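Kindly generate the complete structure, drawing on both the sequences and the hints.
To convert, take the position in the sequence shown, counting from 1, and add 164; that gives the numbering used here.
Treat the hints as calculated values from the structure; they're not laboratory data. You may find that some hints are simply not true.
Label-pair restraints from in silico Cβ distances [as the list claims (entries may be wrong)]: (1) 241 / 212: 38 to 46 Å; (2) 248 / 203: 41 to 49 Å; (3) 246 / 205: 43 to 51 Å; (4) 240 / 176: 13 to 21 Å; (5) 199 / 256: 47 to 55 Å; (6) 225 / 248: 31 to 39 Å; (7) 212 / 173: 49 to 57 Å; (8) 244 / 216: 35 to 43 Å; (9) 244 / 191: 15 to 23 Å; (10) 176 / 242: 17 to 25 Å.
Model, not experiment: these values are computed from the prediction. C-beta: ideal position from N, C-alpha, C; glycine also.
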Amino acid sequence: APSPKCITAEAMEVLCGPLSLGLLAALAFASLAAIGDLLQSDWAIWGLRERFGFVISIVGIMGMSTMYCFVIVPALSLRMWRIRQQLMLQHSGGINHLL
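Below is the structure:
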């Protein structure tokens, strides 16, 4: 069984990694988009509140999309690539077998 220190170190790596931070930022932008949608209650009359709501929701959607494109997807791809490389090295018996 793995030691508790090993499990704690792996959990901290996952929680403090760029993937988790990107998901947290995307969640913040998603809540911003939801707040903007709440401010846009009536499309017939465009007052100042509706305009602010529209801008806030667009900023939230664009921020969330940016987080996914530039933080979450690359971090997830890099993590999967590293796991694949480790599995290939374990399966082949080490780096000397590949050379």
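Pairwise beta carbon distance, residue 212 to residue 173, judged against the given window 49 to 57 Å: Roughly 51 Å apart at Cβ, these two residues keep to the hinted range, so it holds.
Verdict for residue 244, residue 191 (Cβ pair) under range 15 to 23 Å: Taking Cβ atoms as reference, residue 244 and residue 191 lie about 22 Å apart, which means the hint holds.
Range hint compliance [Cβ, residue 176 to residue 242, 17 to 25 Å]: holds, 18 Å
Verdict for residue 225, residue 248 (Cβ pair) under range 31 to 39 Å: Since residue 225 and residue 248 have Cβ atoms about 33 Å apart, the given range 31 to 39 Å holds.
Residue 241 paired with residue 212, Cβ distance criterion 38 to 46 Å: Since residue 241 and residue 212 have Cβ atoms about 43 Å apart, the given range 38 to 46 Å holds.
Status of the given 41 to 49 Å range, CB of residue 203 versus CB of residue 248: Check passed, 45 Å falls within 41 to 49 Å.
Outcome of range test on Cβ distance (residue 240, residue 176; 13 to 21 Å): Between residue 240 and residue 176, where Cβ atoms are some 18 Å apart, the hint holds.
47 to 55 Å as the expected CB spacing between residue 256 and residue 199, which holds or is violated: holds, 52 Å
Pairwise beta carbon distance, residue 244 to residue 216, judged against the given window 35 to 43 Å: holds, 40 Å
Range hint compliance [Cβ, residue 246 to residue 205, 43 to 51 Å]: holds, 47 Å
Consistency with the previously given hints is maintained throughout, with no hint failing.
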